[in-house]
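Peer 1: Could you build the full structure based on these sequences and the hints that come with them?
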Amino acid sequence: MLVIGLGHPDRGDDAAGHQAVSGIELDSKVLRRDCSDLLELIEDQDEVIIIDAMRSGAARGTIRRFSYPGDELPLKGFVSSHFFGLSETLTLAHTLDRLPGDVTIFGIEAGETSLGDPMSQEVTEAAQTVAETINRMVAA
Amino acid sequence: MHNERAIDVDYLSRVEGEGALHVRLQGNEVMDLQFKIFEPPRFFEAMLEGRDFMEAPDITSRICGICPVAYQTSACNAMESAAGVTLPHNLRLLRRLLYCGEWVESHGLHVYLLHAPDFLGYPSGIAMAEKFPERVETGLRLKKIGNELMTLIGGREIHPINTKVGGFYRAPTKAELQSMKPDLEWGLEAAIDTVRWVSQFPFPEFEREYEFVALHSPDEYAVDQGRIVSNRGIDIAPEEWDDVFEEEHVEWSNALHARIKERGSYHLGPMARYAMNHEQLTPLAREAADQAGLGAECRNPFQSIVVRSVEIVFAFEESLRIIDEYERPDAPAIEVNPAGEVGHGASEAPRGLLYHRYEVDDSKAISKARIVPPTSQNQLSIEEDLKTYIPGRAGLEDEQLRFELEQAIRNYDPCISCATHFLDLTVERD
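Heads up: the sequence lines are chains A and B, in that order. Residues 1 to 140 (the working numbering) make up the first sequence, in order. Residues 1 to 430 (the working numbering) make up the second sequence, in order.
Note that these hints are calculated values from the structure, not bench results. There may be inaccurate statements among the hints.
Some chain B residues well away from chain A (every beta-carbon gap over 10 Å; in silico) [stated by the list, open to error]:
| no. | residue |
| --- | --- |
| 1 | Ser124 |
| 2 | Asn147 |
| 3 | Asp183 |
| 4 | Phe201 |
| 5 | Val244 |
| 6 | Glu246 |
| 7 | Arg321 |
| 8 | Gly395 |
What follows is a set of in silico ranges between Cβ atoms, one per label pair, in the way DEER data are often shown [to be verified]:
| no. | chain 1 | residue 1 | chain 2 | residue 2 | range |
| --- | --- | --- | --- | --- | --- |
| 9 | A | Glu25 | B | Ser363 | 37 to 45 Å |
| 10 | A | Asp97 | B | Pro218 | 20 to 28 Å |
| 11 | A | Asp97 | B | Gly340 | 52 to 60 Å |
Computed from a predicted model, the values in this text were never measured in an experiment. Where a beta carbon is used, it is the ideal one built from N, C-alpha and C, also for glycine.
Peer 2: What follows is the structure, given as structure tokens:
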């Protein structure tokens, strides 16, 4: 199993994925600012958990959990400062038959994501909740 | 007024990061055009003030996820030039090799996943992957080899941590570098094939008389260092940047527009480098360019995909040459002391010249930082391309026009994440 936290550490709530990963008790976890090498990271994995900031219009700090390819991902819902968002990258992996057997995504609804913004209290708490959920998944 | 319309692109897909474009048309005439980018470098410039000079490469490499080596290299060059030192031969080879990895990674991604779909009629690299999975796999493998080269030298691929002012924290052994050779040899062949493939694409007929600006070195294709030259007579050292170029605020964008004083726009990136330096290309890259019919210069920005592919050939060929020549140095870095000095550094990011300037105080802290990324330098040229390109296409439906304008912007492989946050495109017609 590999846990991946996505987001920009200097962009307020966009760091939600990094924050959650910091609370996860597992050796195989990585932080990435964007999805640029996500395909390579996941290609030899059986099970992957990805945590990213999300923009869906929900209240800040809202957590949504998806399985891919079972659930439809919001194509532009995930905050990304790069061309390929999470949904697009996973879709590409699926098209090229490179998807691990089990992919779980936790989206945390972001508020401010400008450079230099602090992380909001709601997102900090949501990241903690996600970390606890994943810790239980790992222990199970 | 009748027949006037506006088109906005709210989200430019397949451009690194996001920006915004607003166009106002009256009939076929462009009444107003604003290409807006936001500018994190300003944030990072402020962040650098008061930091130790050794932190400059690490902090600036966080500006962009796709060209961290460019930011590191321009920062290191600036600090080393302030201190009056130059890297010994083998350390410099390593820096150039690391940079080749970034070119392969960034160019491979752009050519295959971002730009090729435009010419083959797909809305995205993902859609293209359904019909051309083997092409997309080739692009991904090229990108992966670039990443691996960066990981080997830089410590990790996304924000290399092994780079420092004066060299590296650890120099790899020759055997470690040689382990990359089979992949690099595969990549060289794949890149030559890429040039053949993309040179057959249907390109719109469109040319402009650009002033091409690039680094130049007489003995090599300039990547990590050189003088700043142009096809209209510029020939300066990086420390003379302010004598020739200026940055100005425009009201619709918080990015600064760079221009040549009293002359205007200029064009950076693969086409500029090729125009100024094609004689310095490695032999197979030159041959690939000749076979693709590029000639001495290419002024059709849509064909930048061919030039970019030629540069992938170069980057592989040069990497193999460097690995053969490299001998592990006794020390991985040299001492650098820029206290009380001003330093200027330039290097060729995949998308063009990246200029840094630092003032360092007597306690070795940075008192002033200035970063001029390639995309904000190309901004004026992008706007002029669009103004020239639109009138012949003004009859298109908004959606098709929007797609074609995005395509014209993508020609520049703009790293908008080093110059913007989210991109919106609006076209207004009355």
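Peer 1: At 10 Å, judged by beta carbons, does phenylalanine 201 of chain B keep clear of chain A as stated?
Peer 2: The claim stands: phenylalanine 201 of chain B keeps its Cβ more than 10 Å from every Cβ of chain A (closest is about 20 Å).
Peer 1: Confirm or reject the statement that asparagine 147 of chain B sits farther than 10 Å, beta carbon to beta carbon, from all of chain A.
Peer 2: Incorrect as stated: the minimum Cβ-Cβ distance to chain A is 6 Å, not above 10 Å.
Peer 1: Return holds or violated for the Cβ distance of glutamate 25 of chain A and serine 363 of chain B against the range 37 to 45 Å.
Peer 2: Since the Cβ atoms of glutamate 25 of chain A and serine 363 of chain B sit about 42 Å apart, the hinted range of 37 to 45 Å holds.
Peer 1: Compute the least Cβ-Cβ separation between serine 124 of chain B and chain A, then decide whether it is above 10 Å.
Peer 2: violated (7 Å)
Peer 1: With d taken as the least Cβ-Cβ distance between arginine 321 of chain B and chain A, does d exceed 10 Å?
Peer 2: holds (26 Å)
Peer 1: Beyond 10 Å on every Cβ pair: is that true for glutamate 246 of chain B relative to chain A?
Peer 2: The claim stands: glutamate 246 of chain B keeps its Cβ more than 10 Å from every Cβ of chain A (closest is about 25 Å).
Peer 1: According to the definition I'm using, a residue is off the interface if its beta carbon is farther than 10 Å from all beta carbons of the partner; does glycine 395 of chain B meet that for chain A?
Peer 2: holds (29 Å)
Peer 1: How does the Cβ-Cβ distance of aspartate 97 of chain A and glycine 340 of chain B compare with 52 to 60 Å: does it lie in that range?
Peer 2: holds (59 Å)
Peer 1: Assuming the hint says 20 to 28 Å, is it satisfied by the Cβ distance from aspartate 97 of chain A to proline 218 of chain B or not?
Peer 2: Given range 20 to 28 Å: violated, Cβ gap about 49 Å.
Peer 1: Run the C-beta distances from valine 244 of chain B to all of chain A and say if the shortest one exceeds 10 Å.
Peer 2: holds (30 Å)
Peer 1: Beyond 10 Å from chain A, beta-carbon-wise, is aspartate 183 of chain B?
Peer 2: holds (13 Å)
Hint compliance for this structure: hints 1, 2, 10 are not met, and every other hint is.
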